[in-house]
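**Q** One-letter residues, chain by chain:
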Amino acid sequence: MGTTRMDRRLFLKATGATAGAAASIQVGCLSYFKKGRSATADRREVPTTCELCPNKCSAIAVVEGGLVKKLNPNPENPKSRDMLCARGNAAIKQVYDPDRIKQPMIRVGARGEGKWKPVSWDEAFDFAAKKLAEVKEKHGPQASLWSSTEGFQEVFFKNLGLAFGSPNIVRHPTLCLASVNLAYSMTFGTVPSFDLLNSRYVIMSGANRFESIITPDTMDLIGGVMERKAKLIYLDPRFTVTAAKADEWYPIKPGTDLAFILAMIHVIIKENRHSKDFIAAYTTGFDLLAEHVKSYTPEWAEKETEIPAKDIIRIAREFSDAAPRSLYYAGRRSSWYQNDFQMRRAQAILNAIVGNWDQVGGMVPNAKLPKGEFLFMPWDEPKAPRVDEIDKHFPLAAKGDGVYLKLRENVLSGKPYPVKAWMVYKQDPMNAMPDQAKTLKMIEGMDFIGVIDVAMSDMAWYADVVFPESAYLERTDPVEVMAGIWPAVVYRQQVVKPIHDTKPNLEIVQGLAKRLGLSDYFDYTIEQWVDAEFKELPIPMAAEHMKKHGVWAASGQPSYGKTLTPDHRFVTKTGKIEIFSERLKEAGHDPLPVYASPEQPPADRFRLILGRVGYFTHANHSNNVWLHEFMKENDLWINPKSAAKLGILNGAIVDVTSSVGSVKLKARVTEEIRPDCVFMLHGFGKKSKMQSLVYNVGASDAVILETAWDKVSGNAAFHETFVKVTNA
Amino acid sequence: MSNTVKLLVLIAALTLPLAAEGGSDTKGKFFFKKTCKSCHAPGGSAKEVTPLSKTQAQWKAYFAAGKHKKGAEKLDSVLKPEQVKDVQTFLVNHASDSPQPETCGG
Chain A
1 MGTTRMDRRL FLKATGATAG AAASIQVGCL SYFKKGRSAT ADRREVPTTC
51 ELCPNKCSAI AVVEGGLVKK LNPNPENPKS RDMLCARGNA AIKQVYDPDR
101 IKQPMIRVGA RGEGKWKPVS WDEAFDFAAK KLAEVKEKHG PQASLWSSTE
151 GFQEVFFKNL GLAFGSPNIV RHPTLCLASV NLAYSMTFGT VPSFDLLNSR
201 YVIMSGANRF ESIITPDTMD LIGGVMERKA KLIYLDPRFT VTAAKADEWY
251 PIKPGTDLAF ILAMIHVIIK ENRHSKDFIA AYTTGFDLLA EHVKSYTPEW
301 AEKETEIPAK DIIRIAREFS DAAPRSLYYA GRRSSWYQND FQMRRAQAIL
351 NAIVGNWDQV GGMVPNAKLP KGEFLFMPWD EPKAPRVDEI DKHFPLAAKG
401 DGVYLKLREN VLSGKPYPVK AWMVYKQDPM NAMPDQAKTL KMIEGMDFIG
451 VIDVAMSDMA WYADVVFPES AYLERTDPVE VMAGIWPAVV YRQQVVKPIH
501 DTKPNLEIVQ GLAKRLGLSD YFDYTIEQWV DAEFKELPIP MAAEHMKKHG
551 VWAASGQPSY GKTLTPDHRF VTKTGKIEIF SERLKEAGHD PLPVYASPEQ
601 PPADRFRLIL GRVGYFTHAN HSNNVWLHEF MKENDLWINP KSAAKLGILN
651 GAIVDVTSSV GSVKLKARVT EEIRPDCVFM LHGFGKKSKM QSLVYNVGAS
701 DAVILETAWD KVSGNAAFHE TFVKVTNA
Chain B
1 MSNTVKLLVL IAALTLPLAA EGGSDTKGKF FFKKTCKSCH APGGSAKEVT
51 PLSKTQAQWK AYFAAGKHKK GAEKLDSVLK PEQVKDVQTF LVNHASDSPQ
101 PETCGG
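Protein chains in written order, with full-length UniProt numbering: chain A, 1 to 728; chain B, 1 to 106.
FYI, nobody ran anything at the bench for these hints, they're computed from the structure. The C-beta atom is built at its ideal place from N, Cα and C for all residues, glycine as well. There could be a bad hint or two in this list.
[What the hints assert, rightly or not] Partner residues are not named here, just some residues of chain A that face chain B (Cβ under 7 Å, in silico):
(1) P173
(2) L182
(3) V191
Chain B extracted, bound-state conformation (with noise of 0.2 Å):
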């Protein structure tokens, strides 16, 4: 296998658990903050939700359902459907019981 092929296969392999979700976590955050924010935020007309809101677990299974407004709708109503795997990978990537250690500043 020539160097090239071997560092391609290397990124390759690396890259799979942050793509685990398939989405962008800095596209997830914005979307969300963006979207979803503008009613789900203190004072806002729906019930306030951070990442913390949900385990991963309990995010995976909400996106794998697509719903929103407790099934009145579906969630690529509010979302384009590329947004909401950004959105999904964010949150559980955030989510209560993800493995976030805080750090200094930044």
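Here chain A stands alone, though its shape is the one from the complex (with noise of 0.2 Å):
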């Protein structure tokens, strides 16, 4: 055997100790492999693409003696940043994680009670078969659902549903940053890139950046800031990695946002620093912006905001000159509030009046490259509405994604129509939407719920069967366009074969559909789908050339201005940017961002505020054994006047209740968070006993958190509830 070798102690002394240092993770794993790499008659480097967050990294496996050793970025996709941050290299105990579904399993005693028995892949499929089918006859095939989350093999999951009769395809944007989508695709017809590398002005309000989620672009901001090239203002109610490396940061009140932003659009125009030329080409609807702004002072807004009006008039001034490289940045994090819509609006307003659209240093739209797709059958489409209602609720949302949590509440109340069956592809709802008691009854009333998962999930616990997918290093996948700045396609190659009893997504999806009667609509390979992709790529030997290096990058070049063309029609519906919103009129809303003041906590009570840490994917990976390492639970976050007042002691076991749950954790008291909030990470406290790192540990925020939504989107709000928190 050779001498590369990638065990814990190592692990953790190249990827750092904490988030903070992850620019030099890098740095740290390839000085290693550079010593350590020998040659190995057995020894190869497979190039593929990371699946352990949204980012898509690419990245070269080290495979030797059959086993995966190492994960190492590849440098040839310039929007990886020759990367690999701590997540990307623990990938490689997905695979070696002896908690792992390691085959088909139907459930033999009470949901959640945890008692399995193994069974064959056809047993597994018949099973499931017969009990959908039984669902389909006697409620039709609108009374199922089918639940997943964003990935390379989702596209054969989703297709499953719509083609068995279902039109309840619900995907976890509502969960996620739906509200950021569709106020910036109302905006500007798309969602653009923020080119954190080369702007001078960045402003974040309460995504966590520098802590939160490390992907390459948060390099592009580090390096930003460290070398002084870019100033960050930073607000947030907690002192977060982010705030600490700020250049200002203030603990606004929570819910405000908007107040701040009216008041910097306000100062801006009223000093006449927007950028007119730009608006008069690209915009329309900015007088009625100017008149509606008017109230919005900074004298207000600092009564709402708590930042003072004279911090504010000087932001939006910095703000202003440095356009157009300064931005308002919009992710990665989910909506906090029930206005995040109109917030985010507001912030897609205030950046397009500065002139920063595709602008170096502003924002940018995607760019794209072409791929080649395959053609499948297709089916009719289903015949009923869905059960969410979204054409009547959420009528400017995106129809494919759905809208969870209003789902929830018409599943639990059987109208418009009954939902008795549940599939859900690599997506845990019972920690990813609030009040798990609510997800625990919708649950309690499915006749059939089938899991299909790399891990054993808390939705997978409590599932009927439970179909385990191949970890994405022993599987190929579909070809993928990563739209952006940097637009690369990416493939993802097996790299070892599947170590125990799992298949890939598309064999379940089609172990299944052989069963329903659908087999026509699936009826390829992957590796037909993956040709048919590569045909169309405008490269000699496509196949060839995606196969050895797995990323194709074009030039690799940023290119700007593009879409600053006299005829160029943005695609909405008057064909400008809409800083004023006909759209959003029509359908009931207000059409230039209205605030009004978020409910305050009662004396007795705390805001909780959540939060994510880099090393983990939402609720994901916190059992990995590498990344355990870093954090080991979760705890609640306290300022000690509030502890003070309530006799609470760091280290103190707490309960922390609101009106739908109530759990315990250990109090962090510090200075860290404001005295009307308390924060909590997500991720822990699993009810999954096939999470054995974190099974009841600390505790999942899903059990306290309460039902809420942005009222456009349909995003879950998930910084609406109050908890009352004692001594346990």
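Both chains come to you apart, so use the hints to assemble them.
**A** See below:
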């Protein structure tokens, strides 16, 4: 055997002890491998694409003796910035995780009891198909729900649901970034990227980018800020790692970011600092905006936000002075409040009026690259309407994604019609949705639940049948175009054969389709699918290139200003950037963002705020043995003044109680949070005993979060819960 | 009114907007890619066409006229009549002024 080795100690050393030290990650790993690499007869390097978060960085897997020994960054993908983060490195332990689902299983005890019977694939398929057919026979195909999250093989799962005849495909965006996507789509007709590498002035509202998700654009931002190219203004009720690295941190009163943005717009227009030529050429509705923001003065905003008016004025001036290389950054974070769509709209409008569209250091429409498409036999459209009544309640939202929380309300009420079967792919609604008790009630009401996943998530734990999916390193997936400032076509190819009795999602879908009489719609192999995609890549010997390199990134150089031509039509109703939106008005929403003060917690309660940490992706990977080393448990941040009033000491166990549930957590008494808030991290307190490192460790925020959503997009609003905190 | 009838009425009412063009978006995409894109693609024998090539009103007008090759032939000589409705539905639904918010993945 060769000397290449990656054990836990080395991993921790190589990836750095904190996410804040992520800049050193790639250097550590690369230098190790430069020294440690040695030739062995069976050593292979296989380019592929990481799956552990939505960024999809290009990676090179080092295989020895049939085992994945190491994952290296692939320098050929400019978007990956030649890095692979801690999660990316730890994907090895997704494959060699002793807790993995190793073969199909059918539940034999009560749901959630954890009693399983290992079965063959035929038995699992027969069982699920029989149950799905029974529900279809009794209630119609619309009585089945198909839940999934993003992933290269998600398309097959969604297609199975549609071919089955169900309109009820529900995806993750309304538990994630639907409010951002809708707000920018309504304004620009697209969701742009943010050129953090070249921006000189960045404002972030609660998007904790230095800590919550470490992706290549985090590195762009870290580079920008650390080298003092960019000024970072950060608004967050909590002193995060991003706050520590920012030039200015404002512990803004929760839920008032919209007031801050409207006041910035007020100052910029009042002082004639807007980009007049750009506004005249590319936008519509500016005059209405100017009138609309007259009352939103900095002095008014100070009372709402607790940010001094003089600072709002100065920031507005600095922001417009730095334009077009200034940004009000939109992501990555979910929706916190019920006005989140309008807050995002205000951000988009602020960006538009300083003319940072399609400019170096500004917002850049995503460039795409061509690829082919496999044409499969189309099915008849599902006949029933969606159970979430999206057309009635959220007419502007993305129909193909659905609206998760409204959907759950309707399923629980049985109206407009009953839903009795729930298929889930790669998602954990038990932790992703607020109010876990409601999700459990929804589970109780199902005649059948089937889950496809690599690991035994909490959702899988409550299923009737579990189909183990092969890990990404064990399978080949469809080719994807990663659109962006640095667009790339990426390919995920099998690195090692599955080590357990698992299958790629396509084969699981085909196994079910065969028994449901839907085989004609899935009559292809992954190789045929991928070959069709390779065929239209405009490079010689595309298939060979992609298999050898794993990525094609055209020139690798960004281009700016392609949409800044007189004949360019934005994909909006007017063809312009819509500052004022007729479409919003027609749908009964405010056509320009209107502010309303958020409800404040009563004296004996706190606003619960949430966050993520870059070691994990949402509720996933906290059970990964290498990542678990970084963080073993979550706790409750509480301000010393608040803690003193309640007699709570640092490290004490406290009950955190909302109107829907209660959890126990260790108190972290810290000045790094406002006295009116408490904070907990997402992703702990698992119910699945096959998440053994985090089973019943810490707590799941889903237990105490109340159901609330943004009015326009339907996006779950995660910071609208007030909790009591008492010594346990 | 019985619950079953109420449900059917509700389904009919809610389905109406989806079927405004009377065709299938899924099938329309298939026929558009299979038939139209065989010529109307980059490097193809005819000018590239995508749903974004026209506004919703322009697509509706195009299909109302029913002409292909600048009027040289009828559209239903290229696509079967039932396919024309599907392709129209797909193109109108994804036209350059259509409300089609972007999403994550998927």
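**Q** Does each hint hold? Answer for all of them.
**A** Comparing the hints with the structure gives:
{"no.": "1", "hint": "P173", "verdict": "5 Å, holds"}
{"no.": "2", "hint": "L182", "verdict": "5 Å, holds"}
{"no.": "3", "hint": "V191", "verdict": "5 Å, holds"}
When held up to the earlier numbered hints, the structure conflicts with none and fits them all.
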